[in-house]
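Start from chain A and add chain B according to the hints.
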Amino acid sequence: MQNTGHITMALAVDASRFEGVPMAPPDPILGVSEAFKADTSDLKLNLGVGAYRTEELQPAVLNVVKKAEKLMLEKGENKEYLPIEGFAAFNKATADLLLGADNPVIKQGRVATLQSLSGTGSLRLAAAFIQRYFPDAKVLISSPTWGNHKNIFNDARVPWSEYRYYDPKTVGLDFEGMIADIQAAPEGSFVLLHGCAHNPTGIDPTPEQWEKLADVIEEKKHMPFFDVAYQGFASGSLDEDASSVRLFVKRGLEVFVAQSYSKNLGLYAERIGAINVICSAPEVADRVKSQLKRLARPMYSNPPIHGAKIVANVVGDPTMFGEWKEEMEQMAGRIKNVRQKLYDSLTEKDQSGKDWSFILSQIGMFSFTGLNRPQSDNMTDKWHIYMTKDGRISLAGLNLAKCEYLADAIIDSFHNVN
Amino acid sequence: RTQRPHAGALRSPRPRPSIPPTAARGTHPRRSYGPAHPSRAAMPTANVRAAQPSADRRLSTLVRHLLPSSPRTSAATATSADSSLQPFPTMASPSVFAGIAQGPEDPILGVTVAYNKDPSPVKVNLGVGAYRTEEGKPMVLNVVRRAEQMLIQNESRVKEYLPITGLADFNKLSAKLIFGADSPAIQENRVATVQCLSGTGSLRVGGEFLARHYHERTIYIPQPTWGNHPKVFTLAGLTARSYRYYDPATRGLDFQGLLEDLSSAPSGAIVLLHACAHNPTGVDPTLEQWEQIRQLMRSKALLPFFDSAYQGFASGSLDKDAQSVRMFVADGGELLMAQSYAKNMGLYGERVGALSIVCGSADIAVKVESQLKLVIRPMYSNPPLHGASIVATILKDSAMFDEWTLELKAMADRIISMREQLFNALKIRETPGDWSHIIKQIGMFTFTGLNSDQVAFMRQEYHIYMTSDGRISMAGLSSRTVPHLADAIHAAVTKLK
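Chains as they are written, first to last, in UniProt numbering: chain A, 1 to 418; chain B, 1 to 497.
Don't read these hints as lab results, they were simulated from the structure. Every residue gets a Cβ at the ideal spot worked out from N, C-alpha and C, and that includes glycine.
On the chain A side, residues computed to face chain B include the following (Cβ under 7 Å):
1) Ala24
2) Gly121
3) Arg124
4) Arg271
Derived BS3-like pairs: lysine-lysine, alpha-carbon spacing no greater than 25 Å straight-line:
5) Lys117(B) - Lys92(A)
6) Lys172(B) - Lys396(B)
7) Lys70(A) - Lys137(B)
8) Lys367(B) - Lys150(A)
9) Lys320(B) - Lys409(B)
10) Lys367(B) - Lys37(A)
11) Lys137(B) - Lys75(A)
12) Lys349(A) - Lys389(A)
Next comes chain A alone, as it looks inside the complex (with noise of 0.2 Å):
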């Protein structure tokens, strides 16, 4: 049918139907890229989205991923639907990698695991499934959280409150206020804990702490669950990053764990997770698999496998996966290196005798500043550099050669502004 341009029917509505549709702000983390894109400054430094950058400040593909995709080329695979549930070899190297292939709760078959769109997919599916099967709990979210957990319970309809967590004054664990509101909450509550390199603080319970948590947890009979966006990454070690799970699993406890490998495997734009729920027993896992299954097929229908497949082939050999390691080890330790010399220069700079240490002592991707929302700003607007307003900082994107001018910049923010 050409389009004529002149067509004789009426009745077409002039009105928009969206009229009265606002402007949505822009997401607090993802529009930092946007707006750091837009900036035509030569000094500027993108340290908001956590995304692991070289010490080139260049994204980069995993060796161990290039190999696994050329792989799965030459192997000529079909593009066939995954089952609602996901990839069958993703899925059991997924549970593996977290909770040990070993683990008693794998071989009794006490796992639900579903292949789920990173972490924000697989935290928005066990949500719905508190929302419908928990419809009188409420989560429990640290204070500070992951900005995005908020929305996800929010548009699943499931209840929040915060429990303490960050202690400005220490740049610490506040764990004595985190006690007390988990324990304080009504019993049955789902307490969401990072697994690991807390975001956005970067500050992580120690494992006596974690054993007090597990007590106050089992004690109140809530549920626990484990949003694990760093297995690997944190430390270096895989079995390291797990052991908080780990710890609550052992004890017998049922646990909710959400799962991502865009950042440990680098498989961002892949969408790449998976939603655990360990439970008492095999059949209960089998019923909670298959009610899971029935929230994800009207929200997508099945997963994608490309991301799968490519996890699927690393851990499923020997030489790629212990490949793995060692590239996960080496993006861990230049974190590491930069956190040091990040430390160092603003201990050098600093003349105000403020302690620096938590730039140390914080673990992961992030480092939580202590910046507060004008002292972020002046960041952005005299230095150019880009942040998430709450103060948190990306290492993953800064450089050895980028930590003086950046020292300069937090200690011009924190001591001149507000």
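Chain B alone, transformed into the frame defined by chain A:
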């Protein structure tokens, strides 16, 4: 000067921050957010289940007979051999999931599950709509393989997060594909397009957007429609009602019923329209009928929501299969469009699609896009890269685009040929009934008109798998299997009524 702590200190016990006295603070969590829960007398999907015909329940029973009787056999064998395993650790309390029932298999995807379990050598899967070659094999298009090769061999490509709205090139090219490159809506920047997870994801995001920003919460869906439609829209926050569509007496369109039902819909209601190759019936309105539908809908300010899963696959022509949509865009009005590349590019498992909203003005389109981002971010943050990159690569290269149209036409032609072969096979067997709908219906599916008893019979006796509504996927047929299917249909209609 004190020694500076070294980064290595990260691994050793960290200096504990001194915990300030907390006397000043209360022990209650600081903030609480609790949207008033609407009273939930029934789960949303309970309504859908109640609406399912008893045939589905019989089908589920039948399926259960086909499944191995002992669940978790793998776990059982694992535990029996391994003496080092501990018994279940003592649970602090019984499972909180005790009250959760086993969910039924998805009626469509469950067909493949059952098919896979069947050991019969003559089994045929006519359930899910995935294209099969003449040899019965899944197929990846040559042009898709080439595009994938180019992408993977490109050393400079990265896997950075896409924007929330997805790959920009992909979005622009997708809008052009469905609306036409010269579409005034595109030229006037009135189209907001976001990359989504295939058709399902596009429908869900569109539905959520409407539930939040549109004044009417009712969506009218054709009777019958793809089984997942009501669930998608219900979970998105809309109320699904149906309009008459299929006439079992004629095995064609109940046009009068359609017009009546849309006429009595409240002004502003949303109406789901299958752009072409209606699923499951294969019955499409003629262009003249589309024009009448368009006029009626515009006169009542009904909002069109198109589902386009088969562009190019139905007739073999991309433009022809988009005519219905373009007719609505041409009158200057607004609409939603969910696009899928699962079938026409064979990208099923990559989950590639797009949601476009044609708005009254460019300003509105900008705002609409910003609100779509708020729907997407808490759902999955941003869409997957791989499939969209493949599509963009093909659409932007004219040689690859042409190659694609040829492969697409070949798939569509093979399906048309299967229709002819099946029709002829039934004629030769003198199977009672009028089977001309097999060659009249369009697209991947044929709504056979078989009832659920006959469907169950064909599964049991002939190992032919289809959905219980009698829908068969022609894409799953080959010259080799047509005779078997014809035999099965013949037996079913002569033995069961």
